[in-house]
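Undergrad: Read top to bottom, the protein sequences are chains A and B.
Going by my numbering, the first residue of the first sequence is number 27, and it counts up by one from there.
Going by my numbering, the first residue of the second sequence is number 106, and it counts up by one from there.
Wrong hints could be hidden among the right ones.
Here are the simulated lysine to any residue pairs, SDA-like style, with alpha carbons at most 25 Å apart [what the hints assert, rightly or not]: (1) A:K190 <-> B:E815; (2) B:K872 <-> A:T478; (3) A:K210 <-> A:E87; (4) B:K112 <-> A:P128; (5) A:K190 <-> A:L126; (6) A:K64 <-> A:V252; (7) A:K64 <-> B:H357.
It should be emphasised that the hints constitute simulated quantities derived from the structure, not laboratory data.
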Amino acid sequence: MFLCGSKFTMIRFILNNQTIETDLPKGVTVLDFARYHKNLKGTKIGCREGDCGACTILVGELSGENITYRTQTSCLMPIANANGKHIVTIEGINKADGELTPVQSALVEESGTQCGFCTVGFVMSLTNFCIDETPKTNEMAVSAIDGNICRCTGYKSIERAALKLCDKPEPTTAAGGLNFAIEKEIVPAYFAEIKSKLENLKPKISNPQSQIPNPKFLAGGTDLYVQRPEEMVFADAENLFDNSDLRFITETEDSVEIGASVVVTDLLESEIFQKLFPNLYKHLKLVSSTPIRNMATLAGNFVNASPIGDMTAWFLALDAEIELSEPSAVADGLTPNTRNIALKDFYLGYKQLAKQEEEFITKIRFRKDFTHFNFEKVCKRTFLDIASVNTAISLKSEPPAVAGGLNVIAKAHVSAGGVSPIPLYLRKTSEFLRGKEINETTISEANEILQTEISPISDVRGSESYKRLLARQLFTAHFIELFKGEK
Amino acid sequence: MQNVDSKSHVRGESIYLDDIPLLQGTFFACVFDSPVAHGKLKNIDISEAEKANGVVKIITAKDLIGENQIGGILPDEPLLADEEVHFCGMPIALVLAETESEAHAAAKLIKAEIEPLEIITDAREAQAKNELIAPPKRFKLGDSETAFAHCEHIFEGRADVNGQEHLYIETQGAYSVPTEHGGLKIYSSTQGPTAVQRAVSRVTAIPMNLIEVDVTRLGGGFGGKEDQANAWAVLCAVGTQLTKKPVKYALHRMEDMRMTGKRHPYSADYKIGLDKHLKIVAYEAVFYQNAGAACDLSLPVLERTLFHCTNSYFIPNVSATAYSCKTNLPPNTAFRGFGGPQGMFVIESAIAHAAEKLGISRDKIQRKNLLRDGDEFPYGQIAESDAVTSWTQADEKYDFAKLKNEADEFNAQNKFIKKGVALMPVCFGISFTKTPMNQARSLVHVYTDGSVAVSTGAVEMGQGVNTKIAQVAARVFSLPIERIKVHTTNTLRIANTSPTAASAAADLNGKATEMACEAILNRLKEIAKDLLKDGAFRVQTSVCPDREARREHAEARTLNTKDEISFENGFVFYNGEPTTLDWLLLVNEAFMQRVNLSEHAHYATPGIGFDWSIAKGKPFSYHVYGTAIVGVTVDCLRGIYTVDYVKCCHDFGSSMNTSVDYGQIEGGIVQGLGWMTMEEVFYDSDGRLRSNALSTYKIPDIYSVPKEIEILPLETERNNLAIFNSKAVGEPPLMYGIGAYFAIREAVKAFNNEQFVKFDAPFTPEKVLMNLY
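The shape of chain B in the complex, shown without the other chains:
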């Protein structure tokens, strides 16, 4: 089933932030941001800007009524720079003007006097100078120190992996409108409406119950609008608070790229020890995360790096340490995978290192060490593992040996064109690792025309969560999906939401919706029972020609047809027998009997928890497994490459929507291999972003995607805690893209095996060519 928004998308009728009709008198905002990465802010000269055409007001830190603070986890991020600037792009002042172009023109006239301070852009340098966001985090399993003493092979090295710009095609933005009693209504392109509401409340000192945040949909998020949508919404809110007028700010692309954080770059040292059977006995890693100038979400990102530092492998002795290093870059933030991909890149590098030194194929080590049922993760959770099954099912379908032989034969015959093949298993935990965030609510109304309105805390950003939630309601009520409308995400309808993140939105909000619908349905069943007692709505066999067909349908359904009352296609069934009582009659009878046709349900993921004092627990509701094989061709004359195929076996559980889920796999793979290949975030030593536009920062186009993507659903009988057994799919496939890095590496080595290639992603054409010659 297609995304419920597809028709309005292709007709250009879907509404995004910049499409909202504006109220008369709306002012337009533009930020003046720091041109310097670190310094003392001595003076802000707004005199010229104030005189510019159309300028209404210029706001600086001193004008704020509440607290000048938007840091969600640590209070280390002022909304507007006050005494110091900490990164290029840090907002210093906000211009409000009558038109957008006037606001932009005036912002250019502001001058800031900044006394430069030392600029740090490198994570290791920051760590050496003790510039840390928080004390380091550690995971430990077994005793790696002792274990190394018994290892046959030990390899040590360093791996670096760069950041990634989200490049949602819709830039950040917000629109704030004054409401009665000093309140605000804020339209925001955010993954976290409650985060926006909290941040606005903090900076404006307006209580949360006067702040309504509304989100229709995002033109892409990928984590970039989880926390980083806050600043723009708060700036608009402050503008409204101080002028009593609506204020809009939709960022230009270069403003967005310059002022917002990205996926965290990491540098890491690893040490891996194997026994003579290629079992990984011990693993140590030290991660240096480049957090940027403020915490943002860096600490939970750092934690997930640790959670996934052994990927799909069981290693009995692990010691992992992670530093969140403070630098003078925009605060880095959530991005699909949330630190997990970086952790996986490092263990995969360590394995590649070992394999290359031992002169064996990487996958020999990978295969040997895959997690099995009952194995313990370094954080204490016990695996219910499909690492081996996904590997073997992929191998049966795609024949790894054959694909690798084909590449070898091709390489033997071609001098300047080389092929590379790499395997990439993935194991990714589902749930927010901060346990309290694993809760959600859903508000369901059934109206007297039989139609159904659903509101949840989930934000639609292309991932199809609204479609899945509509499917949940449709399935529980046995109604066609057209009768269900999932409405905007709104803090007045659904309060205290978790952001739409961690791949968990469909699970959490879908479960809450299921509960709400079930509650209404149970009330309706009671009414139906009463109505059917007198036999008024019973169906005589003779008057229902398609009775058998209906009965078959009813029996095939997942809902328990043994129930006295059940529903099918808008009709009520009594002990499995069709009746003439339909949904509309029943709903109206319920209304006449003053029965509640609405429900607000609350879901909290059961059975999870984590104790940071011992760094052990069961943080994840379940894991998603998969194995991909990636093939590439490198043009060794020019140093450029194409991805021939990505073939994977993926653990969907049991997909409730294959259109949506396959789309997430394909999109995730391409985003992941973009990160590993052409996407190069480039800051100069002054902390200025040089890859600051689409002309200098390249994401995959239609020609750079794999010629072939094959997806094989893992066959599994296991149950899980996902909605309708349909596992979360947002983040895990991104990490298949890591295979592209190692496939290119194989091809480069096939041309030039003389030098040891540094583990340094992305593998840009530049790095390819420099390693070929």
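Chain A extracted, bound-state conformation:
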């Protein structure tokens, strides 16, 4: 690390109640920074791939008048993504007098801790639940700890502790939430000062001291830090995660446009999405966990090109289009060169994209002209797992041409993951469905076509024959889910 001390790169953030200015390589994870550079050992290392939640921290960000906190797994978070933010570890939650916060008390009272190694992660997730805007229902309390794995307790005691917290009065706004949380000693009083401290922080991040030229871009890090943790520390990647130009969700009369760095949680919280997708929560609950949904960007999911990317399957079924840009043009102050490509044309082969190395995704667009949407996913563990097979469908159904007939499919887009080297848009199946009546024959004939389009292989997520059967079942499930009221 001979470049330490370089004055060119300086990352600034607030760690608990301390302002940090560091010239460490910007790819160092917040987990390693906290534990080994700041000796904050309360945050634990369980898996270093975002799958256990032992390293969960709070990340506070200025958003308008408020400061918004979300949980993230610090093992997958580079300090570059902490720039300008409030990073909170357990040491920043603990009361100075050694007493317990209400979250900590609830866990102790219910014996929600045995070996204790995962416990801090649960404390952080539940603390965030108490200060954010989520409705304080039992369901949401459990949902707050959906990314935390415990091997000792069997969760029932932790669940009881979480439900105890719901009895507390409900805060009204985020700001009110934070004040309320301070008043109730859920977080220490210094949290009140953080907003102004962040405003004065004036973060700047400049020429990174890089040694490794690839990858070119980094967003939430939830794939790159799993796949290439060692390289990423020294990688010279442009950070897209905090690019505010890439974080928006807007709609026009007939379409929706989304910035590429929008994370899954943003979709969950978006009124536009809630309106368009009545089962939004039910479906997105199947996608990873709360902390990962707080980090994983749509563009990251698309370019990772995993054949089982959940959001990729989702947007393929919306027949989405993506906009690609060249950053060099931006840097030169020129109007960037952009081009549009259908997501279904983006995948050329296993992990091969129709994208130049220097291009990155800026926008995602899809038309709102569907009447039905469904998402199905089956894995070994229903939640917080990677799919054996996933699939999504959007349909535009029209009333029957003749009275007493069945509804007709005017438009259909179907996708499937885990059944091909690429996230698969089922062209033939989608095409077949168009103009067909919605009935059992249509479904069963479409399923035959679907089977000719897929080419699953046997691996740790299931045998080929299982995936074929599962694809058939889940395709059928779409229609059962969407038309169960109708016959």
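Model the placement of chain B on the given structure of chain A, informed by the hints.
TA: Showing chain B alone in chain A's frame:
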């Protein structure tokens, strides 16, 4: 009462291996392990790695000063591969570097030239090729061969049950520090500090009295750190021995999963014979245990499979044979239940097989054959059975018939969603089946400020053993628990310990602590007697307003208040009367009179023993009984399921800590049903672990646990040899989880009764769907 560590746990202030502050000059270790499951190790090329940044030293087998051997039971496990590699993940070389990332980077530069040999991953294949860890073990009761001739119904079949990754959230690790005179201090995340000490001594040739092993606590163990913590501690020790510097190694998750063994997969053939009244008259089973590449603890695990091969049932004619089969997988090891769960899965499969063929409900056969007092186990011990009482008490509380009817009615009304219900009785023996291991020691110091320090051989890993031991000292001394501190497990303070395993740590170490405290207390009583003789500390009725209250307390206590001297809340009582003599005064008077305020006590479980030459004896101090009913719902469109409830009646004896014990039940149940449902250890035919990370190996999350867990303590008047009559609770509840397998099976059959479903656990969503269509 909550775990004494809960406050520091929730504040993140509890210390685990990776949290220990490091000494200056500490080196970091990383193993280079075999990429091949079986082969001749022709050459190790470390030239590139040696040149890498920060590398200090690279150690291979030839550098070891002592014996290259860490096998605890059989000497079949080299620390570092020498001539051959026997499994993917077998350590070949150890890199020491100045930083952790440099050590990892350098390990990637090592190249091994390995000439491949035949790879065996299947236990039956190994048995066929006579690749056995040791000759087979056999249990026999009555004469099954003759008995089968008189059976009304006979069924034969095969059952397979996969392994299980421990997935303690804290990975394995150790930190070794040089001490004077060529000694070592080793911090280790181990359940067996003495096992670490022995293994270090063997490989370094440093005598045990120069090796201090210290354990504060583990972030989970579950058996995975009983023997398998040794390798990492020894590697660090060797690094320190060769460099004279501290060496640390905390494994990354994928290293841990790849290099360590798991619960043993088993395959078994069974034959079960019933009479016309559904009494099981004869049972034969042949077990093929997949031991992996070395013995590790496979043989005692195999023995416990035999001990529990008839679970909670009395079968007069039993013949069971078990093969420990040597394969090219990491050596499989202890895991909560220790072979017992596999034995139980097979008998439960045999019963299910019989029930399905006879067209009756499984529980009819189960209920009919439950152990009764005086029944003989196949290993000769006579049962003091609560199998029937736990069943009937559970039935009274939960109403099995009603739960089953509800499921049937639901199934009649729903096409794509089916419910299944299954009963699971459990009988589990407590004690190490190797009798000499049933001993423990406790060292108790009373200090002149009245506080008490306790050290034992028990290792705290979340199971609450330190809390129970603190309770023992607090109860004997009649002190508040805050005055007691249970300290780290340390081989200098407590020598020759048994590992914290077999559910027995609280019994063994708790009893030793009770003895140590009693010994000190008896000395203090003598002092108190002298002091109280002159009446100086007597309490006048008038000056003690709460005298009556105190007396009541004293009478209610379990200690004998008829004693001349007794203790209550830090005060001495004389013939049941309160006095003003308090604990602090008494302790200081004892010190001034040069009376010993410390005690090192030794406990050995009485009345147990086993003779392997005839395979008979009384191996267990007592048994733990229980009955669970498990209900599941299967989504037959998607092949996925949820566990609706697990309701059990469990034999706690008389629980000394319900918070801790109920936590063990809930945790055990969920771990057991994880093993039976989603947890799938997956090796390919080359012996490579494919489920090698948390992304590919799934343990239960908060959404996969039963919606409801109900626990009913068994009402029993029996006494037992457990500490304060509070029975061991660590392992038995895991086996309630087996009920989930059979409940899913019921639901699958409710959808599709056309085909006979193979007994093949875990029942993953894949197997569910494939059996539905």
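Undergrad: Are the hints correct? Go through all of them and say.
TA: Hints, one by one, checked against the model:
The hinted pair formed by K190 (chain A) and E815 (chain B) meets the criterion: a straight-line CA distance of about 19 Å does not exceed 25 Å. With a CA separation close to 24 Å, the supplied pair K872 (chain B) and T478 (chain A) stays within the 25 Å bound. The suggested pairing of K210 (chain A) with E87 (chain A) holds, with an alpha-carbon distance near 22 Å, which does not exceed 25 Å. Using a Cα cut-off of 25 Å, the hinted pair K112 (chain B) and P128 (chain A) holds, with the two alpha carbons roughly 12 Å apart.
Restraint check for K190 (chain A) and L126 (chain A): the C-alpha separation of about 15 Å stays at or below 25 Å, so the hint holds. With a C-alpha separation of about 23 Å, the suggested pair K64 (chain A) and V252 (chain A) falls inside the 25 Å cut-off, and the hint holds. Only pairs whose Cα atoms come within 25 Å are accepted, and K64 (chain A) paired with H357 (chain B) is accepted, the gap being roughly 21 Å.
Going through the hint list in order, the structure satisfies each hint without exception.
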